[in-house]
Amino acid sequence: MMALLKRDLAIATRSGGAAMLGVLFFLAVVAVIPFGIGPDLNLLSRIGPAILWIGALLASLLGLDRLFQADREDGSLDMLSMQDWFGLVLTVFVKSCAHWLATGLPLVLAAPLLGLLMNMSGLSTGAVMLTLLVGTPAISFIGAVGAAVAVALPRGGLLVSILILPLAIPILIFGVSASYAAVTDPDPFWPPFMILSAIALFFAALGPVAAAAALRGASD
Amino acid sequence: MMALLKRDLAIATRSGGAAMLGVLFFLAVVAVIPFGIGPDLNLLSRIGPAILWIGALLASLLGLDRLFQADREDGSLDMLSMQDWFGLVLTVFVKSCAHWLATGLPLVLAAPLLGLLMNMSGLSTGAVMLTLLVGTPAISFIGAVGAAVAVALPRGGLLVSILILPLAIPILIFGVSASYAAVTDPDPFWPPFMILSAIALFFAALGPVAAAAALRGASD
Amino acid sequence: MRAIATQLSGRRGESLVFHDIGFTLARGEALVITGPNGAGKSTLLRVLAGLLAAETGSFRLKDDDGADLAVADHTHYLGHRNAMKRELRVSENLAFWQSFQAGDNGGGLTVEAAIEAVELKGVGHLPFGYLSAGQQRRIALARLLVSARPLWLLDEPTAALDKRSDQLFADLVRGHLAGGGMAIAATHQPLGLDNVQRLELDGAHRSLEAGLEAFA
Amino acid sequence: MRAIATQLSGRRGESLVFHDIGFTLARGEALVITGPNGAGKSTLLRVLAGLLAAETGSFRLKDDDGADLAVADHTHYLGHRNAMKRELRVSENLAFWQSFQAGDNGGGLTVEAAIEAVELKGVGHLPFGYLSAGQQRRIALARLLVSARPLWLLDEPTAALDKRSDQLFADLVRGHLAGGGMAIAATHQPLGLDNVQRLELDGAHRSLEAGLEAFA
Amino acid sequence: MSDTTISQGWFTSLANPTRFLALSGRILPYLAAAAVLSLAIGLYMSFAAPEDYQQGVTVRIMFIHVPAAWLAMMCYSVMAISSIGTLVWRHPLADVSAKTAAPIGAAFTFLSLLTGSLWGRPMWGTWWVWDARLTSVFVLFLMYLGLMALHRAMDDPVRAARPAAVLTLVGFINIPIIKFSVDWWNTLHQPASVIRLDGPTIHPSMLYPLLVMAIAYTLIFFTLHLMAMRNEIWRRRVQTMRRQAAQAIGRGA
Amino acid sequence: MMSHETFVFLSYAATALTLGGLLAMIVLDGRARRRELGELEAQGVRRRSDAVRDSA
Ligand code: HEM
Ligand SMILES: Nc1ncnc2c1ncn2[C@@H]1O[C@H](COP(=O)(O)OP(=O)(O)OP(=O)(O)O)[C@@H](O)[C@H]1O
Ligand SMILES: Nc1ncnc2c1ncn2[C@@H]1O[C@H](COP(=O)(O)OP(=O)(O)OP(=O)(O)O)[C@@H](O)[C@H]1O
Ligand SMILES: [Mg+2]
Ligand SMILES: [Mg+2]
Chain A
457 MMALLKRDLA
467 IATRSGGAAM
477 LGVLFFLAVV
487 AVIPFGIGPD
497 LNLLSRIGPA
507 ILWIGALLAS
517 LLGLDRLFQA
527 DREDGSLDML
537 SMQDWFGLVL
547 TVFVKSCAHW
557 LATGLPLVLA
567 APLLGLLMNM
577 SGLSTGAVML
587 TLLVGTPAIS
597 FIGAVGAAVA
607 VALPRGGLLV
617 SILILPLAIP
627 ILIFGVSASY
637 AAVTDPDPFW
647 PPFMILSAIA
657 LFFAALGPVA
667 AAAALRGASD
Chain B
457 MMALLKRDLA
467 IATRSGGAAM
477 LGVLFFLAVV
487 AVIPFGIGPD
497 LNLLSRIGPA
507 ILWIGALLAS
517 LLGLDRLFQA
527 DREDGSLDML
537 SMQDWFGLVL
547 TVFVKSCAHW
557 LATGLPLVLA
567 APLLGLLMNM
577 SGLSTGAVML
587 TLLVGTPAIS
597 FIGAVGAAVA
607 VALPRGGLLV
617 SILILPLAIP
627 ILIFGVSASY
637 AAVTDPDPFW
647 PPFMILSAIA
657 LFFAALGPVA
667 AAAALRGASD
Chain C
4 MRAIATQLSG
14 RRGESLVFHD
24 IGFTLARGEA
34 LVITGPNGAG
44 KSTLLRVLAG
54 LLAAETGSFR
64 LKDDDGADLA
74 VADHTHYLGH
84 RNAMKRELRV
94 SENLAFWQSF
104 QAGDNGGGLT
114 VEAAIEAVEL
124 KGVGHLPFGY
134 LSAGQQRRIA
144 LARLLVSARP
154 LWLLDEPTAA
164 LDKRSDQLFA
174 DLVRGHLAGG
184 GMAIAATHQP
194 LGLDNVQRLE
204 LDGAHRSLEA
214 GLEAFA
Chain D
4 MRAIATQLSG
14 RRGESLVFHD
24 IGFTLARGEA
34 LVITGPNGAG
44 KSTLLRVLAG
54 LLAAETGSFR
64 LKDDDGADLA
74 VADHTHYLGH
84 RNAMKRELRV
94 SENLAFWQSF
104 QAGDNGGGLT
114 VEAAIEAVEL
124 KGVGHLPFGY
134 LSAGQQRRIA
144 LARLLVSARP
154 LWLLDEPTAA
164 LDKRSDQLFA
174 DLVRGHLAGG
184 GMAIAATHQP
194 LGLDNVQRLE
204 LDGAHRSLEA
214 GLEAFA
Chain E
60 MSDTTISQGW
70 FTSLANPTRF
80 LALSGRILPY
90 LAAAAVLSLA
100 IGLYMSFAAP
110 EDYQQGVTVR
120 IMFIHVPAAW
130 LAMMCYSVMA
140 ISSIGTLVWR
150 HPLADVSAKT
160 AAPIGAAFTF
170 LSLLTGSLWG
180 RPMWGTWWVW
190 DARLTSVFVL
200 FLMYLGLMAL
210 HRAMDDPVRA
220 ARPAAVLTLV
230 GFINIPIIKF
240 SVDWWNTLHQ
250 PASVIRLDGP
260 TIHPSMLYPL
270 LVMAIAYTLI
280 FFTLHLMAMR
290 NEIWRRRVQT
300 MRRQAAQAIG
310 RGA
Chain F
1250 MMSHETFVFL
1260 SYAATALTLG
1270 GLLAMIVLDG
1280 RARRRELGEL
1290 EAQGVRRRSD
1300 AVRDSA
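Protein chains in written order, with our numbering: chain A, 457 to 676; chain B, 457 to 676; chain C, 4 to 219; chain D, 4 to 219; chain E, 60 to 312; chain F, 1250 to 1305.
Extracted from the complex, chain A is given alone in its bound form:
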């Protein structure tokens, strides 16, 4: 299974400069924002957490639909599916982790830099990092379900990503609201953060199992 993690990471990084790519992506996203809403630092620092979270969601969506499809097209998926149930669930889990390592983690690590650019306070940046650290894996895990169902459809496709996106939006919303709660005084940080963690745990358990079930059904 380590081999699978290594392979998926190798493929992700082979397509250009390792984890740098994720950081670069977020830098690019953050760089275009001021061009839209203007250089008002006050405003920027207020929407900063939302921007970081949107960037994370977008980055996950960009690579997620190919999570299993690429393996299907070259035939690898057959070998991955030829395992017992536990092996298959583990495989999905590992692939989701690789996806997160390649897209989610760089964002978490880059958050302080981006926080600086968006003029966010230290506390705010810390809160965003923490929520991203908990929330982005959840996006990868639940996204895996979408990717697995998409591979099952004879005609391929994004249909199920669309079903997944509504599930990912709560993650986004709780992540963002927890980040804000950390800096705005009356709102408590912990309740939304606990909900976010609960969702993340739930998805980490549910995602691989559901995706494995979908893959089993999908094989043609």
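It is possible that some hints are incorrect.
What the hints assert, rightly or not - To be clear about the criterion: a stretch of chain D counts as covered by chain B if any three or more of its residues have a C-beta under 8 Å from a C-beta of chain B, and this derived list gives those stretches: (1) 53-60; (2) 69-80; (3) 84-94.
These aren't lab readings, by the way, just hints derived from the structure by calculation. Every residue, glycine too, gets a C-beta built ideally from N, C-alpha and C.
Following the hints, put chains B, C, D, E and F with the ligands in place on chain A, whose structure we already have.
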């Protein structure tokens, strides 16, 4: 060439609504921004056009990286490249149009709904729609260059976005400023809008040519 | 060790593409499946590999004591597609499958030895996508060598191979059989194996019977 | 109409995989390219199709008056991959290529006729991804029929085809030649064509000479 | 063809990497010496220059900030010109030049950003503002990094050359556009706290050190670029030889 | 609050570090490449252009 348009659209819709995915993502962007701004409806409606534009720009990135890659993997790209220079440029143009019809146009159509959510005035919403109508094709055209450059890469997603975002900045700037100009009194709407149109036209001409040049060079 | 199929039938869409297939393979034996395009050869192999559910019947792998073995863990499946990543080097691809499909007994050649066994020494450092069609197929064959599994399921293994490699392939399979392995291959070309069981699918698909298929 | 290759050489990475290839085909003639895996057959076909730049030499298509024709517009290329979309129906796929590659003279069979010509009548409404490997290849062959182009470049056209379809393919090519067409095919299998020119690539790659290859 | 390309003419002879290596090997020591010398003079002059009455000692940052910003742009121009060489003349060295210029350009851009920030903190009271000029430099930095990622992503330099060249050129068009759009962008939104800096009327006592430093930076750039190009040629040569060796083994056995 | 001198010092130090690092990277890269070339030549792999020149 109409046949190509039809085919690409058929695949986009057959594979389950790339359009829906873009719109949903768009919606997610618009949904989380208010968290940062707080309940200040005034501010919200003021930055509304910028938010819509940023959302549209990011949503257009979805699916862009596969514009030529899918054709390469099944061998269709060979036939597309076996044309004279003009034919290839036209092909890129048509494929970009199909991408826009599948992802850009739905965003334009969804704009009024989102304008409502952002408490934007009718005039403002109309201006955003108009600028999006002109600007989003330009994103697809310039995006084709990124897609063509990355055609040989296994997971182009993030890299294509990184390469494209800086190039899309002028579109964003003038799109947003024209939208603002429509509602703020002293500023005239037409100059930025004309510049936006000019950029769009320029990209519509440049994008396919540059993408065709990149495709010619990338053939293996 | 024996592989036993009983009364297998497999379904595609609304019809049974084969039915009541039964055979027994012992160590050292091979089965060659032939039949026209669309006869259901690939479908049968996928059913045997456990990638498709059989409509009826079963396929079992029994060890020498008669106990059931998990088919998936003791089987190499080589489909129409090569299961290699174009962007990774040949050796990376093979090393991945080696550790992913490690046999219980840990047998199998090293990556270098496997590449040599398919007579492609020196290509290990090239990205898989740089190989010619036949070279790619030979590397796909090398995957079967890097981890030892007793049953090989081969779907048109010699597609794109040149004359010399056909011979090479036949030698590989003979070696595998001689080592106590088993092989089931679907093919349109003579494989150069002697002493094999044959199974001919005729391509006469049968619609599902009433009761079995609700909407037929 | 004639197809003339002069002193062609083609490059992969740092070596010339073939060099000084020359031949002339007239209407009704075929050329069969053979050679071991990795000899450069596919590379040669891609150079002829204009998909790869030739390192030296040229390939020209001349009409009966000796004027140059655009190779790309008068050539069908069938590669290792089928150039069909899995998610579209067979008929949609063929209809697309028909209108995309429309020949000047508008010739060519209708989509239904082409599907019938490869003996797959009735599959038109199925998604391409539902077909078996051999059926997919036959549909890829049908693409050559829906729009008429004089030169066919075929890369292992009979891969995955059954015996009967091999015959079918030979008949199709014979018909094309009889109609004044030309064909160039790379293959490991006998194609069942008679009276063809042969070109054997030996797979002895030559490194690029000084000056030609900048970094060697 | 093989005979004509290596015939006379300095331009065509440069086309041959072997000759390029020989020639650049001869030039490099002088170039490096000139760079070091001018850098020493420039440094001396910048510290000898009087302090600015407004900006105090921080004005010394100017002597390394402004040349870095200039070089950041010049380097992209070098890449753009090389890209034309790749697309039009298919000059093998043009690609080597474009590829190796990118990291150096990124370094200068990074320096311009960093020293600018370090200057902005005491002068403006903030490390970073989304001012048009700053942002456009930031975008330039991103473009450098994107191009580097692209080069690294395609392991076959021959095939990476043209697509990367196309992208470099398209990106070049973007630079003036960003510069022009600056006015539009700034007049629309009143920046919250952007402090407009009225550039100090440059006094000769500052202009000369600045110019010398600019010359030094330029010489440093060309020295590094030449060295990097030589490395890249060797790298490709090693790749070539490895492959040939492997093929020889694969065949000979 | 840092003194202005600190900012000046930091700027110059950062510049020296960046350019020095770049130079070091390039020099080390060049050494490594030349070492590889040497090893290959020692193994008897020869450049084609040499071989051609020799045979000519
Ligand atoms: C991260 C922040 C900064 C960036 C990215 C930046 C970028 C640039 C660029 C690109 C130029 C060259 C412009 C041209 O020649 O067209 C430049 C020049 C200059 N910068 Fe900065 N700068 C930054 C901060 C500062 C600060 C804080 C100051 C002074 C308080 C400053 C003072 C100057 C001066 C005096 C010039 C020369 C202007 C001229 O050529 O007339 N910069 N900067
Ligand atoms: N994924 C699929 N979905 C639905 N039907 C399929 C699918 N794959 C194959 N079929 C159908 O099942 C039948 C048997 O296909 P199969 O691939 O098993 O044939 P085959 O004997 O392997 O043929 P070939 O020699 O062409 O490889 C065919 O009629 C085909 O149309
Ligand atoms: N995309 C590529 N990039 C680099 N090298 C390649 C590429 N494709 C093929 N090669 C190399 O070029 C040589 C010739 O390959 P080619 O595909 O032309 O062989 P072929 O004669 O068609 O073989 P086969 O019978 O296996 O199809 C091989 O040594 C191969 O490794
Ligand atoms: Mg089959
Ligand atoms: Mg081939």
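Checked hints:
1. 53-60: holds (count 3)
2. 69-80: It holds: at least three residues are needed, and the segment 69-80 of chain D offers 5 whose Cβ sits within less than 8 Å of chain B.
3. 84-94: n = 8 at 8 Å, threshold three: holds.
This entry satisfies every hint, going by the numbered hints stated previously.
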